[in-house]
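> First to last, the protein sequences are chains A and B. Taking this note's numbering, the leading residue of the first sequence gets 1, the next gets one more, and so forth. Taking this note's numbering, the leading residue of the second sequence gets 334, the next gets one more, and so forth.
For the record, the hints were derived by calculation from the structure and aren't laboratory data. Being a predicted model, the structure only gives us computed values, none of them experimental. Among the hints, erroneous ones may be present.
[Said to hold, decoys possible] Footprint (simulated), chain B over chain A, 3 or more residues, beta carbon under 8 Å:
| # | segment |
| --- | --- |
| 1 | 144-152 |
| 2 | 191-205 |
| 3 | 260-269 |
| 4 | 292-298 |
| 5 | 305-314 |
[What the hints assert, rightly or not] With a cut-off of at most 25 Å between alpha-carbon atoms, the simulated SDA-like pairs for lysine to any residue come out as follows:
| # | chain 1 | residue 1 | chain 2 | residue 2 |
| --- | --- | --- | --- | --- |
| 6 | A | Lys-193 | B | Leu-359 |
| 7 | A | Lys-165 | B | Lys-518 |
| 8 | A | Lys-193 | A | Phe-47 |
| 9 | B | Lys-518 | A | Leu-311 |
| 10 | B | Lys-518 | A | Arg-29 |
| 11 | A | Lys-165 | B | Arg-383 |
| 12 | A | Lys-165 | B | Ile-386 |
| 13 | A | Lys-165 | B | Tyr-701 |
| 14 | A | Lys-165 | B | Leu-392 |
| 15 | A | Lys-165 | B | Gln-473 |
| 16 | B | Lys-518 | A | Ala-38 |
| 17 | B | Lys-518 | A | Arg-32 |
| 18 | B | Lys-518 | B | Glu-637 |
[As the list claims (entries may be wrong)] Not everything, but these chain A residues come out facing chain B in the computed CB check (under 8 Å):
| # | residue |
| --- | --- |
| 19 | Ile-155 |
| 20 | Leu-157 |
| 21 | Ile-158 |
| 22 | Thr-159 |
| 23 | Ser-161 |
| 24 | Ile-162 |
| 25 | Pro-302 |
| 26 | Asn-317 |
In this text, a Cβ means the ideal position worked out from N, Cα and C, and glycines have one as well.
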Amino acid sequence: MTASAEPIAIRKIPREGKEESQFQIVLSRFLRHRLAVAGVAVIVIMFVGALLAPYIAPFPRDAVDVAVATRPGPPGTMSSAGQVHLLGVDHLGRDLFTRLLYGARVSLSIAFIVVIVSEVFGVILGATAGFMGGWFDIFISRLVEFLLSIPTLPILLITASILIKTEAQLPLPAFVTGFVSWMLASPPQEANKVIVLIVILILLGWTGAARLMRGMALTLRNQDFVEALRAVGASNTRIMFRHIIPNGLAPILVNASLGLAGIVIAEATLSFLGVGVQEPTPSWGNMLSTAQSYMFQHPWLPLVPGIPLCLVTISFNFIGDGLRDALDPRLKR
Amino acid sequence: MTAYLIRRLFQMTIVIFGVSIFMFSLFNIAPGGPLTGLQQQQRRITPEERARIRAQYELDLYWPVRYTRWLVGWPQGPLVINGQEFFANVPVGCYLEATPEQGGGCADYVYLSEVPQLHPKVRSSRGILFGDFGPSTVVQAGQPVWDLLASRLWATVELQVISLALALIIAIPLGIYSAVHQYSKFDYSFTTAAFIGSSMPTFFFGLMFILVFTILAGQIQDMWAWWPTLPPGLREAVRPYDVASWLTSVQPGSPLDRFLHLLMPVMVLTIVSVAAWSRFLRSSMLEVLRQDYVRTARAKGLVERLVINKHALRNALIPFITIVVLQIPLFFAGAIVTETVFAWPGMGRLFFDALNRSDYNIALAFIYVTTILTVVATLLGDILYSVIDPRIRYS
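Between the sequences and the hints, there should be enough to build the whole structure, so can you do that?
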């Protein structure tokens, strides 16, 4: 046992080259994925635009310019006050660039809220189910199987359509409505409707994370370090939140990034079909929906919300792809 | 295997049951319903009128009774055994609710013996479990939902079968080629294109096709005279039209007209499937090509073509087939968006119209049918998986 002090001394020997932390390794591998980096750039630009929407938008969100020459008007149309509409005006004479910025705010907010809440929800449920086992595990697994075996799109459509038609008011504490209304940069009345949509998307969206985390927890709970933790007297809660969940977080991160793209598409699809975000709240989906009815005379209209929508979904997917490559230890070079 | 099948069938029943309860509660217990609109229209409505309207929509019955009547068409009245009525005096609903002054509760109960007169067998006689979805209320009022669905079924099947076949024909060679020539220029451009294709929203694809082949086709024809103008929607034209200089006066209703109308929706559906499937096949092919038995086959001196087609492809197709089988029921659901964009008169479009116009019998029937199809296809996929891959055993 005389050698027991040795390993401490070994660590102090300077290594050749610079030492890399786990994070740096992952980061450098992520940076090698050029399309993912481009994706990050696109998302950052969209995010800044969305965040600063109330400050950089040239017009108020719902300002209707009745006196504008043509409605819808092409990019570069002059407003009656002599200002330029960068991307033109829609059928009511509202500035499209302004609505695009606010729409980015709405679409991205919905995506981030839904993904963050449903991943947290899914991770906690999945980890508990996998770690505890027993009736709770059976219940969660069956519930996930049930939700995965029903056709999602028709169910989403019908639920959203009924709840939005009936003007359902969720009994929510004021701070939730306030927070969402700040996120959307729109009045609480509109935020309330969007929350209904968010809740529906969360209810169907947590299953992926739960299934992933349950699988991770099942393999992790039989490993030696968990045994060791038990031996030193760590509580179940501590083992779960400090050790199991952090260890299984890598695939969740990838799942969340791909999930962002999925939710942006889901929200856009619902809004496009008229059961998602409702006018006058702008979202890229409902902008496309109105664009569709005018596109025969004004072919540029669907491109205004369509191009950013595609850029964002493709970027989120590329980021997810890059993260997967960066976090997968099997590809370590 | 038998035990597994029995367990799966049991699970299927529970899923279908669960969906039916979910749907029922959504339509019946959720706020709103037929009375809300009525109350908003005319505020002064007597309790008797209210009760009559409630009874018309079976809202006077308690919800468990309503649910079983809706699901299996039972109870239609008291149980009759040898001409003797049983349970005739069981209250199954409340026709007229008592006012708070009268002490609340119910002023006039509906008893099981009164059900046959109050609610005769018209709306739904057999229950949705046996395929009786009742009549349509708005879209084509009075017509049985089942007939409506059946009349739209063919259009959806036509669209889906053609694009499924096309997608398979395109995706399989693409996936194989890309995997065999991994990291080649073709592989890079193909994987990037497929990646972008599978991450774009379907409806935007549809809009872009309409833009390029219908709206801007005139301008494009100024540059390239051969560029075709395709019809943007529906299944048949109303009057003769010109496609391009090389194809003029297409007669409405002719096979050529039908083919031209199919082109755009089929292209959209095919591209989406090809993008997803070829990527999947590429990765499963890459996995197989690393296996020892492929190296053995090469070591034996087999021709590369045989190694790929006989040894690698057959194994790579195993997971691919299950993915494709799982996709089949999603076709009915997934076509909602494409059919809406192209005004294609299929089942998905019918569902969407029904939703917009609050014809819930049709919407329910659609969901019910797609759920059953999905569950059955999932089971079929799993069974197929064990049939084509003997390494997989279910217990």
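> Taking the hints in turn, state whether each one holds.
Quick rundown of the hints versus the structure:
no. : hint                  : verdict
1   : 144-152               : holds (count 6)
2   : 191-205               : violated (count 0)
3   : 260-269               : holds (count 4)
4   : 292-298               : holds (count 3)
5   : 305-314               : holds (count 5)
6   : A/Lys-193 x B/Leu-359 : 17 Å, holds
7   : A/Lys-165 x B/Lys-518 : 52 Å, violated
8   : A/Lys-193 x A/Phe-47  : 23 Å, holds
9   : B/Lys-518 x A/Leu-311 : 24 Å, holds
10  : B/Lys-518 x A/Arg-29  : 22 Å, holds
11  : A/Lys-165 x B/Arg-383 : 22 Å, holds
12  : A/Lys-165 x B/Ile-386 : 21 Å, holds
13  : A/Lys-165 x B/Tyr-701 : 21 Å, holds
14  : A/Lys-165 x B/Leu-392 : 20 Å, holds
15  : A/Lys-165 x B/Gln-473 : 21 Å, holds
16  : B/Lys-518 x A/Ala-38  : 20 Å, holds
17  : B/Lys-518 x A/Arg-32  : 18 Å, holds
18  : B/Lys-518 x B/Glu-637 : 21 Å, holds
19  : Ile-155               : 7 Å, holds
20  : Leu-157               : 6 Å, holds
21  : Ile-158               : 6 Å, holds
22  : Thr-159               : 6 Å, holds
23  : Ser-161               : 5 Å, holds
24  : Ile-162               : 6 Å, holds
25  : Pro-302               : 5 Å, holds
26  : Asn-317               : 4 Å, holds
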